[in-house]
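**Q** In case you want the letters, here they are:
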Amino acid sequence: MAEIQSPLPGVFYRKPGPDKDPYVQEGERVETGQVIGMVEIMKQFTEVHSDVAGTLESFSVEDAAMVNPGDVLAVVDEG
Amino acid sequence: MALTIEQPGLLTTVQDQGRIGYYNVGIPQGGAMDQESAQAANKLVGNTAAEAVLECTYMGPSFTVDAPTTIAVTGADIPVLLNGTEQSAWTRIELAEGDAVKFGVLRGGARFYLAVRGGVDVPEVLGSRSTYAIGRLGGVDGRKLEAGDVVPVGSPVGELPSVAEIPESLRPALGGDQELRIVWGLYDHLLTDEGRRRLVEEEWKLTPVADRMGLRYEGPGVEWIQREQPFGAGQDPSNIVDAGYAVGSIQVPGGTQPIVLHRDAVSGGGYAMVGTVISADMDLLARATPGTSTRFRAVSMEEALEARRERARRIEGLWGL
Numbered sequence: 001m002a003e004i005q006s007p008l009p010g011v012f013y014r015k016p017g018p019d020k021d022p023y024v025q026e027g028e029r030v031e032t033g034q035v036i037g038m039v040e041i042m043k044q045f046t047e048v049h050s051d052v053a054g055t056l057e058s059f060s061v062e063d064a065a066m067v068n069p070g071d072v073l074a075v076v077d078e079g
Numbered sequence: 001m002a003l004t005i006e007q008p009g010l011l012t013t014v015q016d017q018g019r020i021g022y023y024n025v026g027i028p029q030g031g032a033m034d035q036e037s038a039q040a041a042n043k044l045v046g047n048t049a050a051e052a053v054l055e056c057t058y059m060g061p062s063f064t065v066d067a068p069t070t071i072a073v074t075g076a077d078i079p080v081l082l083n084g085t086e087q088s089a090w091t092r093i094e095l096a097e098g099d100a101v102k103f104g105v106l107r108g109g110a111r112f113y114l115a116v117r118g119g120v121d122v123p124e125v126l127g128s129r130s131t132y133a134i135g136r137l138g139g140v141d142g143r144k145l146e147a148g149d150v151v152p153v154g155s156p157v158g159e160l161p162s163v164a165e166i167p168e169s170l171r172p173a174l175g176g177d178q179e180l181r182i183v184w185g186l187y188d189h190l191l192t193d194e195g196r197r198r199l200v201e202e203e204w205k206l207t208p209v210a211d212r213m214g215l216r217y218e219g220p221g222v223e224w225i226q227r228e229q230p231f232g233a234g235q236d237p238s239n240i241v242d243a244g245y246a247v248g249s250i251q252v253p254g255g256t257q258p259i260v261l262h263r264d265a266v267s268g269g270g271y272a273m274v275g276t277v278i279s280a281d282m283d284l285l286a287r288a289t290p291g292t293s294t295r296f297r298a299v300s301m302e303e304a305l306e307a308r309r310e311r312a313r314r315i316e317g318l319w320g321l
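First to last, the protein sequences are chains A and B. Using full-length UniProt numbering, the first residue of the first sequence is number 1, and each one after it goes up by one. Using full-length UniProt numbering, the first residue of the second sequence is number 1, and each one after it goes up by one.
Hints were generated in silico from the structure; no laboratory data involved. Each hint should be verified, as a subset may be incorrect.
With a straight-line cut-off of 30 Å between C-alpha atoms, the simulated DSBU-like cross-links for lysine-lysine are [stated by the list, open to error]:
| # | chain 1 | residue 1 | chain 2 | residue 2 |
| --- | --- | --- | --- | --- |
| 1 | B | K102 | A | K43 |
| 2 | A | K15 | B | K102 |
| 3 | B | K102 | A | K20 |
| 4 | B | K205 | A | K43 |
With beta-carbon atoms standing in for the labels, derived distance ranges [unchecked claim]:
| # | chain 1 | residue 1 | chain 2 | residue 2 | range |
| --- | --- | --- | --- | --- | --- |
| 5 | B | G176 | A | E3 | 47 to 55 Å |
| 6 | A | P16 | B | G142 | 25 to 33 Å |
| 7 | A | E47 | B | G98 | 24 to 32 Å |
| 8 | A | M1 | B | G244 | 51 to 59 Å |
| 9 | B | G320 | A | E78 | 49 to 57 Å |
| 10 | A | E78 | B | L160 | 45 to 53 Å |
Just so you know, even glycine gets a beta-carbon here, dropped at the ideal spot from N, CA and C.
Required output: the full structure, derived from the provided sequences and hints.
**A** Spelled out as structure tokens, the structure:
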């Protein structure tokens, strides 16, 4: 299992826009470098990437939740 | 000598002690938000307080150097990685030609400072190298750093100090709740007694809306005296006829979320300033992360001036190391 951490504080979003589909759903496959969400701070949106390939097991925070640096955002089952 | 920026970080800007003397024409003082930490970094690399440093926010840049040099990182707690190996912050770090520096994930605080021996040598604009991004002034082309920027560094201005490290006792505490001292005014008379009580007795939390211009807090809100708005003021009770804003002043647009203005704030406008964070606590504000529980404590002008002297003595002690 690999944890994807937030590199910065802010608001975590699972979708690229309010009317858009989530970047990835729980249970779906992610590739190394794939965007799984983004964090908004100071009117800037920073994409969060998966460092590993595998199945995105679960998100650890809700959509639009406040996160801090180092918070686990999602768990990926490698392979 | 220059730094070649590979990744710029989230908001990395050149800052110094600020652009003093132009606030009356709408140009804010700017400068490093946490002056004490910025000066500690300059101390370690043999600079004076006047040399420009890089202010990094939440995420650090990655860069390489094209000649041997000396750097120091102070402020927020973040791993400093030299060619992938973690180095101590608040400590002088020697770099060889081609060395690569990057940063890990923030562990505490919000802003950290990178000083380079000789200082960041961008052109002075109105007497300062500080970046004022909204006005496109100072720094590198008046903006935050971008990938590919080559940041010039000046020649050493003095000898390296005998100390290579700032002692723990002189480093600011990071994390935890904050207490910010304020003086009332100029417009606190527009608040009800209950409104004034809430500001200084209730708990407020820093929102993610916090940058070099201002920091917005959420909490119980305040309460205004109902009055007929004077000619020239907006219709909301938080509006006044335009007036000058002090650095550190607290406005509460709509009465819900107080905003503390910081060093890049506009110099005036139409929101009532109900109090002002004292100058000695402005560095503290710069260290707050979103979610920080905050209390505003009212102090007298005498206490504010004593706190200012105490801060000056502390910084003097830093330079005396």
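**Q** With reference to the structure, classify each hint as holding or not holding.
**A** Evaluated hints:
no. : hint                       : in the structure
1   : B:K102 / A:K43             : holds (24 Å)
2   : A:K15 / B:K102             : holds (29 Å)
3   : B:K102 / A:K20             : violated (34 Å)
4   : B:K205 / A:K43             : holds (19 Å)
5   : B:G176 / A:E3: 47 to 55 Å  : violated (25 Å)
6   : A:P16 / B:G142: 25 to 33 Å : holds (30 Å)
7   : A:E47 / B:G98: 24 to 32 Å  : holds (30 Å)
8   : A:M1 / B:G244: 51 to 59 Å  : holds (56 Å)
9   : B:G320 / A:E78: 49 to 57 Å : holds (53 Å)
10  : A:E78 / B:L160: 45 to 53 Å : holds (47 Å)
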